[in-house]
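**Student:** Letter by letter, the chains look like this.
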Amino acid sequence: DAGVIQSPRHEVTEMGQEVTLRCKPISGHNSLFWYRQTMMRGLELLIYFNNNVPIDDSGMPEDRFSAKMPNASFSTLKIQPSEPRDSAVYFCASSLGSSGRGGAQETQYFGPGTRLLVL
Amino acid sequence: AQKVTQAQTEISVVEKEDVTLDCVYETRDTTYYLFWYKQPPSGELVFLIRRNSFDEQNEISGRYSWNFQKSTSSFNFTITASQVVDSAVYFCALDSNSGYALNFGKGTSLLVTP
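Protein chains in written order, with this note's numbering: chain A, 1 to 119; chain B, 1001 to 1114.
It is worth saying that the hints were derived from the structure and are not from the lab. None of the hints are false.
Listed next, the in silico EDC-like pairs over lysine to aspartate or glutamate satisfying Cα-Cα at most 20 Å (straight line):
1. B:Lys1038 with A:Glu106
2. A:Lys78 with A:Glu44
3. A:Lys24 with B:Glu1044
4. B:Lys1070 with B:Asp1055
5. A:Lys78 with A:Glu11
6. B:Lys1038 with B:Glu1059
7. B:Lys1106 with A:Glu44
8. B:Lys1038 with A:Glu44
9. B:Lys1003 with A:Glu44
10. B:Lys1070 with B:Glu1026
11. A:Lys78 with A:Asp56
The shape of chain A in the complex, shown without the other chains:
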């Protein structure tokens, strides 16, 4: 079975450019999570979707970050404009989350991550 798929795996861009990260969750999973991993802050949740609806976006750093989930099999995380401090590994995860509980009862399976470097 295919796991969570993320693209691109690596992205190098210049400050000010728009960056779009993509994620395809595991088929049948109805919860999707975007995390960011940095050395300083570790793994942090950015946003959580349940049944394609954003439930908790309190972790999104600022207005430069936006996320969408137009359907059950696709999500994007966009940074516009990008800044050097956005450099990190961005993970997408999915789970068989139950509505209203944010996947707390189910295992989150992670994609391979996108390593972003903003120069």
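Using the hints provided, position chain B relative to the given structure of chain A.
**Tutor:** For chain B alone, kept in the frame of chain A given last:
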């Protein structure tokens, strides 16, 4: 507040040694879930185990075993007869009904040398 502490930042062992990775958690919830993930040098996060707060039985999977003790709020992970391929960063994580995110510890970097 929820918190996961992995006090061991780095551990280095020689192949075939046993090694235990410590995890201590804090939560006010009575229902919660504990996880271990492995992050090898290639960078992906690999799920290893999930344990709910009502199941304190220890778990063994091959060379891996987990010791869950609610009395000490610990969920320790032991690798028996370690191998070079076990070299990775291991994360302990906590999830509960009051939140959506996995609360990760800072991770323990394990290096197994031949």
